[in-house]
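Number of protein chains: 4
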Amino acid sequence: VIRKNVDGKEGDPDNKGKFISVIRPLLVELIGTCFFVLIGLFGVCSAGPGVVAAAFAFGLALMVFAASFGHISGVHFNPSVTLGVLLAGEVQPVMAVLYFVMQLLGGIAAGGIAKMLLRDGVYARCRGGATVLSTYVAFNHTLPDNNIVFYTEDTVKWWEGILIELLVTFVFITIILMVALDTKSKTGLAPVLIGFTLVACILAAGAFTGGSLNPARSLGPAIFANEWKDHYVYWVGPLAGAAIAGCFYRFIWAHSDRRIPRRIK
Amino acid sequence: VIRKNVDGKEGDPDNKGKFISVIRPLLVELIGTCFFVLIGLFGVCSAGPGVVAAAFAFGLALMVFAASFGHISGVHFNPSVTLGVLLAGEVQPVMAVLYFVMQLLGGIAAGGIAKMLLRDGVYARCRGGATVLSTYVAFNHTLPDNNIVFYTEDTVKWWEGILIELLVTFVFITIILMVALDTKSKTGLAPVLIGFTLVACILAAGAFTGGSLNPARSLGPAIFANEWKDHYVYWVGPLAGAAIAGCFYRFIWAHSDRRIPRRIK
Amino acid sequence: VIRKNVDGKEGDPDNKGKFISVIRPLLVELIGTCFFVLIGLFGVCSAGPGVVAAAFAFGLALMVFAASFGHISGVHFNPSVTLGVLLAGEVQPVMAVLYFVMQLLGGIAAGGIAKMLLRDGVYARCRGGATVLSTYVAFNHTLPDNNIVFYTEDTVKWWEGILIELLVTFVFITIILMVALDTKSKTGLAPVLIGFTLVACILAAGAFTGGSLNPARSLGPAIFANEWKDHYVYWVGPLAGAAIAGCFYRFIWAHSDRRIPRRIK
Amino acid sequence: VIRKNVDGKEGDPDNKGKFISVIRPLLVELIGTCFFVLIGLFGVCSAGPGVVAAAFAFGLALMVFAASFGHISGVHFNPSVTLGVLLAGEVQPVMAVLYFVMQLLGGIAAGGIAKMLLRDGVYARCRGGATVLSTYVAFNHTLPDNNIVFYTEDTVKWWEGILIELLVTFVFITIILMVALDTKSKTGLAPVLIGFTLVACILAAGAFTGGSLNPARSLGPAIFANEWKDHYVYWVGPLAGAAIAGCFYRFIWAHSDRRIPRRIK
Numbered sequence: 011v012i013r014k015n016v017d018g019k020e021g022d023p024d025n026k027g028k029f030i031s032v033i034r035p036l037l038v039e040l041i042g043t044c045f046f047v048l049i050g051l052f053g054v055c056s057a058g059p060g061v062v063a064a065a066f067a068f069g070l071a072l073m074v075f076a077a078s079f080g081h082i083s084g085v086h087f088n089p090s091v092t093l094g095v096l097l098a099g100e101v102q103p104v105m106a107v108l109y110f111v112m113q114l115l116g117g118i119a120a121g122g123i124a125k126m127l128l129r130d131g132v133y134a135r136c137r138g139g140a141t142v143l144s145t146y147v148a149f150n151h152t153l154p155d156n157n158i159v160f161y162t163e164d165t166v167k168w169w170e171g172i173l174i175e176l177l178v179t180f181v182f183i184t185i186i187l188m189v190a191l192d193t194k195s196k197t198g199l200a201p202v203l204i205g206f207t208l209v210a211c212i213l214a215a216g217a218f219t220g221g222s223l224n225p226a227r228s229l230g231p232a233i234f235a236n237e238w239k240d241h242y243v244y245w246v247g248p249l250a251g252a253a254i255a256g257c258f259y260r261f262i263w264a265h266s267d268r269r270i271p272r273r274i275k
Numbered sequence: 011v012i013r014k015n016v017d018g019k020e021g022d023p024d025n026k027g028k029f030i031s032v033i034r035p036l037l038v039e040l041i042g043t044c045f046f047v048l049i050g051l052f053g054v055c056s057a058g059p060g061v062v063a064a065a066f067a068f069g070l071a072l073m074v075f076a077a078s079f080g081h082i083s084g085v086h087f088n089p090s091v092t093l094g095v096l097l098a099g100e101v102q103p104v105m106a107v108l109y110f111v112m113q114l115l116g117g118i119a120a121g122g123i124a125k126m127l128l129r130d131g132v133y134a135r136c137r138g139g140a141t142v143l144s145t146y147v148a149f150n151h152t153l154p155d156n157n158i159v160f161y162t163e164d165t166v167k168w169w170e171g172i173l174i175e176l177l178v179t180f181v182f183i184t185i186i187l188m189v190a191l192d193t194k195s196k197t198g199l200a201p202v203l204i205g206f207t208l209v210a211c212i213l214a215a216g217a218f219t220g221g222s223l224n225p226a227r228s229l230g231p232a233i234f235a236n237e238w239k240d241h242y243v244y245w246v247g248p249l250a251g252a253a254i255a256g257c258f259y260r261f262i263w264a265h266s267d268r269r270i271p272r273r274i275k
Numbered sequence: 011v012i013r014k015n016v017d018g019k020e021g022d023p024d025n026k027g028k029f030i031s032v033i034r035p036l037l038v039e040l041i042g043t044c045f046f047v048l049i050g051l052f053g054v055c056s057a058g059p060g061v062v063a064a065a066f067a068f069g070l071a072l073m074v075f076a077a078s079f080g081h082i083s084g085v086h087f088n089p090s091v092t093l094g095v096l097l098a099g100e101v102q103p104v105m106a107v108l109y110f111v112m113q114l115l116g117g118i119a120a121g122g123i124a125k126m127l128l129r130d131g132v133y134a135r136c137r138g139g140a141t142v143l144s145t146y147v148a149f150n151h152t153l154p155d156n157n158i159v160f161y162t163e164d165t166v167k168w169w170e171g172i173l174i175e176l177l178v179t180f181v182f183i184t185i186i187l188m189v190a191l192d193t194k195s196k197t198g199l200a201p202v203l204i205g206f207t208l209v210a211c212i213l214a215a216g217a218f219t220g221g222s223l224n225p226a227r228s229l230g231p232a233i234f235a236n237e238w239k240d241h242y243v244y245w246v247g248p249l250a251g252a253a254i255a256g257c258f259y260r261f262i263w264a265h266s267d268r269r270i271p272r273r274i275k
Numbered sequence: 011v012i013r014k015n016v017d018g019k020e021g022d023p024d025n026k027g028k029f030i031s032v033i034r035p036l037l038v039e040l041i042g043t044c045f046f047v048l049i050g051l052f053g054v055c056s057a058g059p060g061v062v063a064a065a066f067a068f069g070l071a072l073m074v075f076a077a078s079f080g081h082i083s084g085v086h087f088n089p090s091v092t093l094g095v096l097l098a099g100e101v102q103p104v105m106a107v108l109y110f111v112m113q114l115l116g117g118i119a120a121g122g123i124a125k126m127l128l129r130d131g132v133y134a135r136c137r138g139g140a141t142v143l144s145t146y147v148a149f150n151h152t153l154p155d156n157n158i159v160f161y162t163e164d165t166v167k168w169w170e171g172i173l174i175e176l177l178v179t180f181v182f183i184t185i186i187l188m189v190a191l192d193t194k195s196k197t198g199l200a201p202v203l204i205g206f207t208l209v210a211c212i213l214a215a216g217a218f219t220g221g222s223l224n225p226a227r228s229l230g231p232a233i234f235a236n237e238w239k240d241h242y243v244y245w246v247g248p249l250a251g252a253a254i255a256g257c258f259y260r261f262i263w264a265h266s267d268r269r270i271p272r273r274i275k
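Residue numbers (my numbering), protein chains in the order written: chain A, 11 to 275; chain B, 11 to 275; chain C, 11 to 275; chain D, 11 to 275.
Bound-form chain A, shown alone (with noise of 0.2 Å):
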């Protein structure tokens, strides 16, 4: 996923151009970005019973993007990802904010055409694919006079959605940085397990705040649901796990040639 681009060799007459190290890879950022939410978001749509639809349409989608376009790119669709990336020392920081800008982007487009593309009653049922902190029944009391039964709603607070979010984002970023990253333990499976990774967090964290991980997903369906209530949970939460999981890497997880302070060579 965050393999670096090898297209452009050296005594390759694409070298020289912006087009091959700037502009190409920018691109894969903005369309893969869009495409990957808009199938994100009409999976979440689909309204299936329980998250496994929206968890494998996203995983899988990024499972695929990753194997497909990751020598372009590095295929990180995900401001959270970036962020692990930087951490870790593999993304240039004017490059990084380019990501994210192009992130952001490609998650509104993704925004508009579902708004476009879904039937009004699916799309407020589902309020365009925004991620919003879940309400339960949580108890139901049963008058003993006159038997009407009366429910206690419950939602999630807030800052338990943003641990929710850190956590899984953690595992979600420590596992890229690992298997797509380290001189050790990467793998050509890499965009295999990176899908299945994101698959296992939305199977975990969906059912109570979504299951977002990336503030460029929430950004764009909430723009155009109008949305915004704990919208700022989906990008504490992600952004703080990204900074921890990149943290954990540099200190401990990494190989020792990446590890810091015993930096080798």
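If you are wondering where the hints come from, they were derived from the structure by calculation, not from laboratory data. Some hints could be false.
Any copy will do: because identical chains look the same in the list, a pair fits if it lies in one copy or spans two.
The calculated EDC-like cross-link candidates involving lysine to aspartate or glutamate, where the alpha carbons are at most 16 Å apart (straight line), are [what the hints assert, rightly or not]:
hint, residue 1, residue 2
1, 239, 170
2, 194, 267
3, 196, 100
4, 239, 192
5, 125, 170
6, 167, 130
The structure displayed is predicted, hence computed values, not measured ones.
Take the given structure of chain A and dock chains B, C and D to it, following the hints.
Okay, now just chains B, C and D, sitting in the frame of chain A:
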């Protein structure tokens, strides 16, 4: 999936006959499309909740056929795929036309077998697996004086259906071209990735358009279930998506030795 | 799955004994079939909605057994597979008969263990995991004078059941022969692909015939649940499908060194 | 999963410290078990229909941790796995005891985090993700005189629960030893296969015992949900299954260089 015929090496007596180079690939497209569509149609008609069963039935069937017959025919099984591969310059136009005919015949055979083997009640409930634009209960209004509830139905519009099919087919063909054809990014995991791409696309589009991506998959059931409403959607959307994906590949995503106009060598 | 016994190389003292070449493979077929069927039966009796749980329980169990014991016995676990492999000329007839006996004994053991470990109510509801042709509520008629609703039941016919089992087993055996045996197309991903083939086939056939593809999987539960209705369907369909798949492989799909009549060398 | 520590090569300055050879593996077991169990518990408490979401949450989480941290600690995350690997002679007894302690602490941390982050109503409904033997509505009797319906409840017996956990854990440990340890059958796909084994085992056992296979996964939620009914089942069953699997491996399945008594070299 789109590996060339490597069975008939030079010096191999097989190489001289038409059997290996023409007849056997066409037979694979005919029989393979029939079984691929058949497994999918049965998955659709199983009528479990949501589109999960249908998505995995279609996607996993494509995966395993691609892995086992990819070296013979490329396992297109879909006119959109053949169109995309044709635009990418990896199949001869004459062969593409023959593939196209075989795929339609295979899909028709699958539609006929499903009609023959499914009980009438099951067949009617799933319209023989034919793809149609979905109808939802959109809003319900309760009349204040007699408490009768009216439901407003809402159906996916033709242009929404075309765009949804176009977008997911664009993703599907793009991934196929990148993981199975492109000099840089093709991989031995291609069949697995292509299968999972189809799973993700059907999870996304299934609840709204049925998730066809494939005129051959839509034609067969439409004939036997006599379900022609919106049928053109499943030709226009997927083929347009494939054409756009083929152009994007040639002009932007392809490795330098295949990209236009800077084709070297 | 059908890799030959490579454990006993020449010069290896193991090679002389019957343990490695005969007893251990038979033990794998016996114990492996028992556990494979058992995991599947428990998945069937979990009674979630649809066939998704059963399909993945059977398919993933086969996948992991094939990956871990394929080098010992080939992991047939299914008389249809043994028949297909026999027709492809990759197992000796004597060994095939012994495998066949072991598979039936393993399936019977699984049926018995399921009877012993599942509570009566659960066991009765899923008929011990036995495969029977499904019965549906087909149509309902409301009598005009008293509003009583009558349901017409509809059951899958015997010949439909046989053909459905035949078709999916044909696909299953064909994929096994191509990815695990064929000189050209065999691949290290064979266990994964074979497992997913079984998932797809059960997703397709499960709602109609139970998705057996395997007489050994059907015999054990039938004995302990005393459920013999349509039992012959699960012998005729899978074995016929395997026989046809074996012939197609030998005459059409196989690489030139294994194909009849143009077998070279 | 049980690859040895290959990070600290000779001549590598890391090799001298305890950090690489002891502290870091224990940290992986502690933190990894915590996150693995946490993702699974959240999947269980999502309360979708059936066990599909829980099975994939646990299985895919194990898969991706095994792929990314297998080179550091072996990613046991489960006392049963450590016991099986110990019997197979691939981990030192002292290290096994330390792993065991770390796994229990990790599981307890996960149980505590789940208690903290899940709303009371959700937590109570899924008993904090604790594993208990299932209770079913077995039969219903209608009294003839007043049409009141009585339901008879039925609960999985303790010995059934132990045997079910024992059998699936036997399969789980056997597959792990074969694909990750055995000289002949170990494979680079081991993490994928081990993850899918856990999915299959939970799909099979989940509806009856909760599908633990892992005392550390059962202990943590039991403490915080104060749910001790049948808790010993989840120690006796998995550990017995692992012990039997370890013995079968050493005496029957292992390649000749590891098999007892004919150990060569």
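Hints and how they fare:
1. 239 x 170: within (15 Å within a copy, 29 Å between copies)
2. 194 x 267: Answer is within; shortest intra-copy Cα gap is 10 Å, inter-copy 28 Å.
3. 196 x 100: within (14 Å within a copy, 24 Å between copies)
4. 239 x 192: neither (38 Å within a copy, 44 Å between copies)
5. 125 x 170: between (29 Å within a copy, 11 Å between copies)
6. 167 x 130: Between. Shortest inter-copy distance 12 Å satisfies the 16 Å Cα cut-off; intra-copy 29 Å does not.
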